[in-house]
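Read top to bottom, the protein sequences are chains A, B, C, D, E, F, G and H. The numbering of the first sequence is UniProt numbering, which starts it at 46 and goes up by one. The numbering of the second sequence is UniProt numbering, which starts it at 46 and goes up by one. The numbering of the third sequence is UniProt numbering, which starts it at 46 and goes up by one. The numbering of the fourth sequence is UniProt numbering, which starts it at 46 and goes up by one. The numbering of the fifth sequence is UniProt numbering, which starts it at 46 and goes up by one. The numbering of the sixth sequence is UniProt numbering, which starts it at 46 and goes up by one. The numbering of the seventh sequence is UniProt numbering, which starts it at 46 and goes up by one. The numbering of the eighth sequence is UniProt numbering, which starts it at 46 and goes up by one.
It is worth saying that the hints were derived from the structure and are not from the lab. Heads up, a few of these hints could be off.
[Stated by the list, open to error] Far from chain E, some chain F residues (derived; all Cβ distances over 12 Å):
id, residue
1, 72
2, 76
3, 84
4, 161
5, 182
6, 184
[Said to hold, decoys possible] Straight-line distance between alpha carbons at most 20 Å, and here's what the computed EDC-like set of lysine to aspartate or glutamate pairs gives:
id, chain 1, residue 1, chain 2, residue 2
7, H, 59, A, 102
8, H, 165, G, 194
9, F, 118, G, 194
10, F, 59, H, 153
11, G, 59, E, 164
12, C, 59, B, 153
13, C, 118, A, 194
14, G, 59, E, 194
15, G, 165, H, 164
16, A, 59, D, 153
17, B, 59, G, 153
18, A, 59, D, 102
19, A, 165, B, 164
20, G, 165, G, 153
21, E, 59, C, 102
22, F, 59, H, 102
23, D, 59, F, 153
24, G, 59, G, 89
25, E, 165, F, 164
26, H, 59, A, 194
27, B, 59, G, 102
28, E, 59, C, 153
29, D, 118, E, 194
30, G, 118, F, 164
31, F, 165, E, 164
32, G, 118, G, 102
33, B, 118, H, 194
34, E, 118, D, 194
35, C, 59, C, 102
We treat Cβ as the ideally placed atom computed from N, Cα and C, and that holds for glycine.
Protein chains: 8
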Amino acid sequence: LRKGFPEVVFCQGKTTDQVVEIVQRLCGGNRTVLATRAGREVYEAVRAVFSDAVYSELARTIVVYRGERPQPKGKVLVMSAGTADLPVAEEAAVTAEVMGNHVRRCYDVGVAGIHRLLDKLEMIRWAQVIIVVAGMEGALASVVAGLAEQPVIAVPTSVGYGANFHGLAALLTMLNSCASGIGVVNIDNGFGAAALASAITRMMVGSE
Amino acid sequence: LRKGFPEVVFCQGKTTDQVVEIVQRLCGGNRTVLATRAGREVYEAVRAVFSDAVYSELARTIVVYRGERPQPKGKVLVMSAGTADLPVAEEAAVTAEVMGNHVRRCYDVGVAGIHRLLDKLEMIRWAQVIIVVAGMEGALASVVAGLAEQPVIAVPTSVGYGANFHGLAALLTMLNSCASGIGVVNIDNGFGAAALASAITRMMVGSE
Amino acid sequence: LRKGFPEVVFCQGKTTDQVVEIVQRLCGGNRTVLATRAGREVYEAVRAVFSDAVYSELARTIVVYRGERPQPKGKVLVMSAGTADLPVAEEAAVTAEVMGNHVRRCYDVGVAGIHRLLDKLEMIRWAQVIIVVAGMEGALASVVAGLAEQPVIAVPTSVGYGANFHGLAALLTMLNSCASGIGVVNIDNGFGAAALASAITRMMVGSE
Amino acid sequence: LRKGFPEVVFCQGKTTDQVVEIVQRLCGGNRTVLATRAGREVYEAVRAVFSDAVYSELARTIVVYRGERPQPKGKVLVMSAGTADLPVAEEAAVTAEVMGNHVRRCYDVGVAGIHRLLDKLEMIRWAQVIIVVAGMEGALASVVAGLAEQPVIAVPTSVGYGANFHGLAALLTMLNSCASGIGVVNIDNGFGAAALASAITRMMVGSE
Amino acid sequence: LRKGFPEVVFCQGKTTDQVVEIVQRLCGGNRTVLATRAGREVYEAVRAVFSDAVYSELARTIVVYRGERPQPKGKVLVMSAGTADLPVAEEAAVTAEVMGNHVRRCYDVGVAGIHRLLDKLEMIRWAQVIIVVAGMEGALASVVAGLAEQPVIAVPTSVGYGANFHGLAALLTMLNSCASGIGVVNIDNGFGAAALASAITRMMVGSE
Amino acid sequence: LRKGFPEVVFCQGKTTDQVVEIVQRLCGGNRTVLATRAGREVYEAVRAVFSDAVYSELARTIVVYRGERPQPKGKVLVMSAGTADLPVAEEAAVTAEVMGNHVRRCYDVGVAGIHRLLDKLEMIRWAQVIIVVAGMEGALASVVAGLAEQPVIAVPTSVGYGANFHGLAALLTMLNSCASGIGVVNIDNGFGAAALASAITRMMVGSE
Amino acid sequence: LRKGFPEVVFCQGKTTDQVVEIVQRLCGGNRTVLATRAGREVYEAVRAVFSDAVYSELARTIVVYRGERPQPKGKVLVMSAGTADLPVAEEAAVTAEVMGNHVRRCYDVGVAGIHRLLDKLEMIRWAQVIIVVAGMEGALASVVAGLAEQPVIAVPTSVGYGANFHGLAALLTMLNSCASGIGVVNIDNGFGAAALASAITRMMVGSE
Amino acid sequence: LRKGFPEVVFCQGKTTDQVVEIVQRLCGGNRTVLATRAGREVYEAVRAVFSDAVYSELARTIVVYRGERPQPKGKVLVMSAGTADLPVAEEAAVTAEVMGNHVRRCYDVGVAGIHRLLDKLEMIRWAQVIIVVAGMEGALASVVAGLAEQPVIAVPTSVGYGANFHGLAALLTMLNSCASGIGVVNIDNGFGAAALASAITRMMVGSE
Ligand SMILES: Nc1ncnc2c1ncn2[C@@H]1O[C@H](COP(=O)(O)O)[C@@H](O)[C@H]1O
Ligand SMILES: Nc1ncnc2c1ncn2[C@@H]1O[C@H](COP(=O)(O)O)[C@@H](O)[C@H]1O
Ligand SMILES: Nc1ncnc2c1ncn2[C@@H]1O[C@H](COP(=O)(O)O)[C@@H](O)[C@H]1O
Ligand SMILES: Nc1ncnc2c1ncn2[C@@H]1O[C@H](COP(=O)(O)O)[C@@H](O)[C@H]1O
Ligand SMILES: [Mg+2]
Ligand SMILES: [Mg+2]
Ligand SMILES: [Mg+2]
Ligand SMILES: [Mg+2]
Ligand SMILES: [Mg+2]
Ligand SMILES: [Mg+2]
Ligand SMILES: [Mg+2]
Ligand SMILES: [Mg+2]
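Excised from the complex, chain A in its bound form (with noise of 0.2 Å):
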């Protein structure tokens, strides 16, 4: 079940003991360990125990690789539109590669400036998930899901302020998109797009 998949640890709202503990029963099933939202003193803390964990200071992220390494084999665009939303698109982008996808990036295509983003139709064709992170008004993912085939999965940022409610803006934009073809996590949530993507690559290699 869930083969080659990761154990994942939440870590906001743990302490570093608790995450460190934590890190540490799952290694024992021989499993990669992966632990989002991950500060560095987590990060430093971790590695005391695991002198090879990975860490990712952008996404915020800890890997702790074990067992065997899966041959990537989904293919994962993560598109985002401002560098506010980095952290949460890296997030996405790490989290898919640890479930065994490839994963390209294609960052700073906001819908204010559309001919970046008409540049990219042999990224957006190369994939088979799109991942659509975006704060602000969350504009992207409506454009990217007319111009693909594939499936997208949107995720709202709390990156704005004023009238955009700590991301509630984006949140309703991409709920009320008029493409189709768009399912949307919650705010800030790369590391659920990314499971999504991957539940959606695994059936796909599953089928093959």
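Got chain A; can you put chains B, C, D, E, F, G and H with the ligands on it based on the hints?
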């Protein structure tokens, strides 16, 4: 002051009798009268008194022309995303015309089919002010404002359902746009958008 | 492009005449046409023109088949919590069928009677994609996603009253699910769920 | 009246000095005092005066026992979904104990892993009242109330992020539950749940 | 299991035919059936089949008694604030009776006339569980819970206008009560309150 | 105009330097100056210039008396529900005093202990205007307005947590009160309540 | 107590029969009865019993005078912003008259035409209490309170559309006013404003 | 394209290093760079590289002038209601200047003191576009738009507390204005207002 500008009656919440009486009073002043949010029976009653009243079923507007009709000077483009947005778009278009502007219409250019929009670049270049009318997720305003140098007036519509919350989704989208040069008016307020557009084009004419 | 996929008309907010005219135009292109949110009188008018139009009273869908009917390939399971959710569930089921999927239905398995749901594990295992339709508190999506490895598409419905706020409760439940592998669509958007499901199954078939 | 029931101090928004003074005043009456939402420094200050004060770091409660300690009579089960819900669950558990109940704890039984919950049916049968503590989407209350005949008291927690809106998602879930026999208290109000549970078990004992 | 408890049909959102068919199916099991949210025409249709069906116009409930009628054992007091709250209060009262409780009613005791409420202390003392039904600002629950030792079940109603937001005001009031011992159910959910009350009184009887 | 009324400075969002400079400018006009929302360091800085400045730590007010101090004439009663409401209640009380009223305080009379409130009927009768300050569910205003003939000014406070939404619960309660004769001010606006109370008592004195 | 004050019936949500029966009961007490939110058919039914009942179509009020009619003493000014606000303004005006006040009306003085308002300074000076009724953005209350020394009672109305949210916009405006001396009542609550105004003027008369 | 227009960096959510790097890259293009939402330490870092960088502490803007400085042509008036609105007003003023406009400032003209505003009619007449910045209830935009023929750009600010909801009150006020000719931007978005104003004045200059 406000030379050549019509008097305006907002019919919503008024009885037919009240509207007829107000139109009669205003027409006495020899100025053109525009009535918005006017159903067909209101129009019938107005036409009984002013046989030259002009009705738009779609825009739900009545116009009774009086005094000299000014030469159209401003150039206003009205764009809309979906067919359900047409009543609001037409309210804007008729109002802008009555207020002395050339109006061009560019409808059904929602962002899910971005190429239809990109085919309209010439129309966009023609305009002095662009009114963008959109419901659902309202993303059109951002894309247009990214393509155009001119002021963009965004009108969210109440078209949609569920997490659209009667136009709130499109309103928040437009207020949070990552493109600059956008001013937003109330949900479904086609009249208000055209009034602002006309205040802008009038200044341009005034500055000649 | 989108081979074998139907053209779609969203009838809500359109007059019967408009729908008939659009269906006529689209059928000219020799592609199957699916009309959603269609009341009985809309159906009568369409049938007057296309005597082979197929209507589902419950789903409020009309289908006019044209061109070759593709062999069903994807496997989509539609689950729903209560009987009041049936119209949305059927909109999803009919759409998924028209888009070339085998569809199985598993209704009335709300979480208050968890054993009825646990009796359906085989159906769950059969599916490539699972659509979960639920109103009230919408908890079914979390339980199903916990049981299944496959992608789950969650459709909150507006069924409920009081602090349900027309589907907001179920929507928030689904976005905040503690289970992973869930993508959410707009409240009552059965069509959108099926379109996403079909984008997924089509990729699987395409990846064969 | 309220025989054997403790006096309660809600520390949030009070200075350490104020809490100490109130505890001193209340203990004078020879009744047990329970202080909730008490940080460690508040505890240190109370202990300086009452060296037998008992602190729970997790529950953030202080208890100073006075008078005769009543024999525990009611049977209260406290269940919780995730580890981040523990502080609220423990506030409920400690309060229920101080109010004269046997308390059993059943933690980490979120609905995404329904089988862990189904393994606990015996504990469920043991209880007279069940307190269900859950954040995120709060679906646990519905599943438990479906399994149990007893009154269920649901406590939404503020655990979550994004469209959780600080516990609103779980609150709405619990209010809209499709299962019956559930009463809901305020977000994070573990104390209030236990007070209601104790009002219920006290009536049972009283009706003996 | 749930001995003596009725089967329940929630009529809202069901056609008359559907309700009749469900009632017929359930009565076959020789258990009493309670239908809530039933309009008069639904009742007429049920009575055509079950001539002994009992209707309450105010509560909008139908009861078809079957099997042995249990001796009433629990003592439930239903209090309400204003006359517009009566339908919800009666839904609670009828449900509690059908579920085997003695029910007393104490209506029109809103907090703006506190002395009318204080005249009812004896009734309050009689009860094992108190259901408080209130719209507008819903303050009655706090005052009653301050006067009573017993569990209080608070039912906010949608009675009110303007900043009442269809019952939200009363709901928030009840959730934030400064008195303890209160469990809240959904807006207008008289049935749910009685079901919880009955789960409580049943435990008391069970603990005898 | 506004004879005997103080000048007022709202310190929130101003630097200490700005406040000192404004107080100096206003005192030049020989009128009493009241500063609200003033922390201790602001007070220290003001006292360095005006050694007779009077500070209330609880109310967070500074008063610098200048000109003739008017004889107190109006009679204002300030009531509050809980101890956490005291800062707002004191802001109201101090303001009402500086504006020329006799002020009596009646604190800690929340509705969960209705008898404490009923013991205060004489104080209620004494007042010309009653200010009611309450957080949590804010029910005190309704009960007091039911007992009193005089105008009641209700001040919701932000005291509470969870579904209190920073004072929204108490605000809605007060706006929806079933008792009449209540005017509501903004959340935590003790100053505003006293300003309105003083506008009322001033008219009474003026009408003498 | 409340000498000369009418009994009041709030008709909304009551049947015609119920209203007639309540009016009959109250008139027995020889006190004037005021019924608010009364449609024409309710009036017809009341007039069949009390032929001297006085109806205001605009205010939707019925008055049956009984006992001695008190000499009007207080001076209440009712101001309103737009014509759609008239029903609420008249509900306030009629109520204030029945409660023994001289009432002057000053309608159609919205802030978009500030000079019309500035022409009314004498009326403003005449009043002891000013009721300001406004929908849309509700800004009138702030401007009037800035011009007047007297207490201002602000009544937001539900007039507006889109982002007005049924009166929420005007309500928030009035609660956040930068002018002081304003008390706010519920949306559309003309009655409540007049009741508060009368509580104020009655105190003034009482203090003579 | 956008000749003479600056490049813009939005610093919020970026590290000091990122801002410096972006400014360096943009200045290479020989265009003026404007950085908004820049704290003092960001400015120090930029000045270390560009010693001619100009900082406004109040507006939190940095400007590095490059290329030819265009002759100011447009006439933009920035008005604000209270002193706490100054940072947003200055962000608008500085931006409008950098974008080639004459800017006049008219601060502290809140509607509670309407005569201060009426003293500024000449300034209002001078402007081609008016930016109105206001927090609290945001009523200033309506009054100004009623006095002026020119386009008005309304900027709600987050200044306020309680039922202000971080600027929501002012935002709704501005969207619902009874005056026409108003376009609204996001809460606190002084930059956006000036960008729209400049799009307007640029068209006027372009139309010369
Ligand atoms: N960034 C994230 N947001 C939401 N859920 C997450 C995230 N990262 C991990 N999770 C979920 O959290 C679970 C682990 O939670 P826990 O047991 O509390 O550490 C995983 O199985 C994931 O489903
Ligand atoms: N569709 C509309 N939406 C909002 N405001 C409108 C609309 N049409 C007209 N108005 C405004 O309504 C004013 C007339 O209102 P009234 O005096 O009530 O008829 C005009 O001056 C316009 O500013
Ligand atoms: N965690 C809690 N949440 C809400 N209310 C509480 C909590 N703990 C105690 N209380 C209530 O607070 C009251 C004491 O409040 P106070 O007098 O302000 O200390 C108790 O009687 C309880 O009803
Ligand atoms: N606590 C308060 N809440 C709201 N408004 C206040 C408060 N204290 C003073 N004010 C108002 O703030 C005004 C002074 O504001 P400012 O000129 O910004 O200092 C006074 O005239 C009062 O109307
Ligand atoms: Mg697509
Ligand atoms: Mg642009
Ligand atoms: Mg799963
Ligand atoms: Mg149960
Ligand atoms: Mg109690
Ligand atoms: Mg009263
Ligand atoms: Mg004033
Ligand atoms: Mg104007």
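Cross-check of the supplied hints:
no.	hint	in the structure
1	72	holds, 41 Å
2	76	holds, 37 Å
3	84	holds, 28 Å
4	161	violated, 10 Å
5	182	violated, 4 Å
6	184	violated, 3 Å
7	H:59 - A:102	holds, 15 Å
8	H:165 - G:194	violated, 24 Å
9	F:118 - G:194	holds, 17 Å
10	F:59 - H:153	holds, 14 Å
11	G:59 - E:164	violated, 26 Å
12	C:59 - B:153	holds, 14 Å
13	C:118 - A:194	holds, 17 Å
14	G:59 - E:194	violated, 35 Å
15	G:165 - H:164	holds, 19 Å
16	A:59 - D:153	holds, 14 Å
17	B:59 - G:153	holds, 14 Å
18	A:59 - D:102	holds, 15 Å
19	A:165 - B:164	holds, 19 Å
20	G:165 - G:153	holds, 11 Å
21	E:59 - C:102	holds, 15 Å
22	F:59 - H:102	holds, 15 Å
23	D:59 - F:153	holds, 14 Å
24	G:59 - G:89	holds, 15 Å
25	E:165 - F:164	holds, 19 Å
26	H:59 - A:194	violated, 35 Å
27	B:59 - G:102	holds, 15 Å
28	E:59 - C:153	holds, 14 Å
29	D:118 - E:194	holds, 17 Å
30	G:118 - F:164	violated, 33 Å
31	F:165 - E:164	holds, 19 Å
32	G:118 - G:102	violated, 26 Å
33	B:118 - H:194	holds, 17 Å
34	E:118 - D:194	holds, 17 Å
35	C:59 - C:102	holds, 18 Å
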